[in-house]
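> In order, the protein sequence lines correspond to chains Z and Y. Going by this note's numbering, the first residue of the first sequence is number 1, and it counts up by one from there. Going by this note's numbering, the first residue of the second sequence is number 443, and it counts up by one from there.
Don't read these hints as lab results, they were simulated from the structure. Take these hints with a grain of salt, some might be off.
To be verified - Listed next, the in silico DMTMM-like pairs over lysine to aspartate or glutamate satisfying Cα-Cα at most 25 Å (straight line):
{"#": "1", "chain 1": "Y", "residue 1": "K593", "chain 2": "Z", "residue 2": "D272"}
{"#": "2", "chain 1": "Z", "residue 1": "K124", "chain 2": "Y", "residue 2": "D649"}
{"#": "3", "chain 1": "Z", "residue 1": "K229", "chain 2": "Y", "residue 2": "E807"}
{"#": "4", "chain 1": "Y", "residue 1": "K743", "chain 2": "Y", "residue 2": "E681"}
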Amino acid sequence: MPLPRPLEGIRVIDFTWVRAGPWAARWLGTFGAEVIKVEWPENLDMLRNNRFTVPAGVEPGPNSTGQFADTNANKRGVTLNVRTPRGLELVKGLIGVADIVIENFSSRIMQRWGLGYEELKKIKPDIIYVSMAGFGHTGRYHYYGTMGPAAQALSGLTFLSGLPGEPPAGWGWSYLDDTGGMYGAMCAMTALRNRNATGNGQHVDLSQMITGITLLGPAFLDSTVNGRKARREGYPPGNRTVWPGSPPVNNYRGPTVVPHNAYRTKGGGYNDWCVIACLSDQEWESLAALMGSPAWATDAKLSNLNGRIEHQEELDQGIEKWSQTLEKYELADKCQNAGVRAMPVQSSEDRVEHDPQLRARGMYTEMEHPMLGTWKFQNAPFKMSKSPPVISRPPPMIGQHNKEVFQELLGLTDDDLIEGYRDGSLWPPEMPKYPYLEEAVR
Amino acid sequence: MTSPSSNSGDPQPPGPLSGLRVLELADEKGQFCGKLMGDLGADVIKIEPPNGEKTRRVGPFLDDIPHWDRSLSFWHYNTSKRGITLNLETADGQALFRRLAANADIILETRDPGYLPSLGLGYEELSAQNPRLIMCSLTPFGQTGPWRDYKTSDLLHLGGGGQMASSGYDPEDVADAPPIAPGGGNAWHIAAHYAYMGILSSLYYRDMSGEGQYIDASVHEACALTTEGAIAIYLASGEVVSRHTGRHAAVGSSTKIQLATQDGSWVNVTRSGSNLTPARLRLLAEWMDEHGMAEDLMDDKYRDAAYIQENADHTTAVLANFFASMPQEDMWRGGQERDFPWGAIRSMDELVGDEHLQDRNFFVEVEHPELGRSFTYPGAAAIYNGSPWRISRRAPLVGEHNEEILCGELGLAKQELTLLAESGVI
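Produce the entire structure from the sequences given, and follow the hints as far as they go.
Here you go:
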């Protein structure tokens, strides 16, 4: 018997593209919702062009990118042109049998198509509409566009990553596409819960950029309550909680403690680093003992936090001399077994191949993909005892489910589909069609 | 810059999670998840040890004076909650907790794996008296696996989760730089967002089936899941990414997109170089030309897309010179008005007062009656038009609602409260 799915029976019309939006809809699918991704091949989802994630030996093309695959698992896909009368009619038909409409276009697109919330509500009175524009749909600069990195910059997130006196290091990926995506799913599920309780749908107006600001609460309050500026000496303090020689002002990551840093480990490779943090005098004493109680480490001047803050450089150098004698996993295990907080810095390869915890918990699910072959998909970061999240369907090839979706939900015939391919409502007439599109209506 | 008020008697409709009772036993790992639910209308009761949750000790503090009730970090992460104290290691404390759990919809807890079951307060026991109960344990590594009992921190999770392997500097910017863990406590945020999703999905399941369930959430897995393309790049190419200053980690080199401005700040110019069409480059060139800084970018050779692609580094260098002569505000807004999705690198204090945020009622005045003052808090990322987000109250003082909940709801007499306090239960 198939496992029950929490969002069984919920249908999502997914206009999203690139990363944040598709990631949101991906989670709805993982909880069992039926997600229909609506695309148009002339405005291809950027992730379908991500050449860095096409495996060697696989023919490049919109159906061949690994990044699109993981971001769009558990969805069916259709193509239609909403700027044709027939395409618009079809999409309205889909919305009429849907529960959720989700999109991450800039703020004016859906209105321009005649698919603003007021219109959606006429089609389906209790529809839940989640918009995920960079600046949201409300506010004077709603038309500003953002990708993850610009949203991170504007929200204040970028500024708090880096070494003092250097340019911001920022985030080495679109963190706000992850957060924006999670938030999009959260908004949809919250509004669904509200619909269950009240019978009412609504428009949830999410701003990707603002999701970042909500992650900076302590820094925000330090500004509005204490008047403290973030542009100050010694901030941001890299991996430390306080930069040597700077006043010990809280850095918004947690308590001010020393040691708290990244240290090189044996091998000296690019990712041969380990992070260690001692949150108490006792944890520091345990680390000193683990290092073999060298004289510098057992010096009384390091026995309390003030002393460790004052002598942080010397202390970090001492730790690194020791850490370089051990391989990073070995070091972390030794530390943890001695009650010292430590973890290896893990690359993508480390997580997929070497992390024993992720392996034991089954972080990656293998599934057959028509172009990529056996491919690993990332699972949800939690186990549920009764209605587990499941990755059960590879991502759609572009237009793959035109026949199945339009026939099942809107009663179209093969002749209707052929006509749609001819008149440009279901596929650009000038563009060659993939064999699977032709074969479906042969 | 004020708007949605935190006063009761609000005429607006209730929040989307109203009617749900949440018990929170959470430190830094879970307090944000509790706030997410509380601000959306759930009745969140934070249950702290008698001397207060340890997150009350985290700075910064109001006026830099440390006190249980003055941690700005605690303030932020615990809005819209009520608070009681309960020593769960006493029989009386356990009995009171069981009574609360009998009427709760959700328990969110971040204690060490096995701790609550060792007190007879595991999901098995609690769901036996309340089958509709949803319980989410949010712990560093989950309830199983070889690292289950390892101790962590935000820094450790960003190391193990892969955030650090992707973040840092180009060697020419900072020689020999370590991988960098971005600040702000984001391991907990990432985990809280996913835990929230798990909880919401189980609520939906409960609406259909009538049954609660247990959710075993892992901060480590949440972080490991949050590095965008790094995993897919490895799976496709067998390569790991290198760290680059202020932009995506990548295999090999990439165009710089963090440009310094004349006033000592920076602007992120994502997609300025390699994805420029001739028409869009022309738009930029004309803007630079107005300031006499277009160099050769007005030349006809830039009408050829391939030429632009091949000379992306040069284009970026010319652009960088232009940025270096202009203030940050003019540059990012000037870009946006020309449809370039650029963003100023703002520090937190620089966005307080932002007009767009004011339009969205983002800045929320929250009253602190014990201080006779109110303070400006960050508001909502999403406007729920039918069932608003709101901060219903400031974070609870230690044990603030002991009487209201233990006497008012569970029916204890005030004298019993005194006995519980004297015996260290509350």
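> Each of the hints needs a verdict: does it hold here or not?
Status of the hints after comparison with the structure:
Proposed proximity of K593/Y and D272/Z is supported: the alpha carbons are some 21 Å apart, at most 25 Å. The suggested pairing of K124/Z with D649/Y holds, with an alpha-carbon distance near 22 Å, which does not exceed 25 Å. For the proposed pair K229/Z and E807/Y, the alpha carbon gap of about 20 Å is at most 25 Å, so the pair holds. For the given pair, K743/Y sits about 36 Å from E681/Y by alpha-carbon distance, which is inconsistent with the 25 Å threshold.
This entry does not satisfy hint 4, going by the numbered hints stated previously; all others are met.
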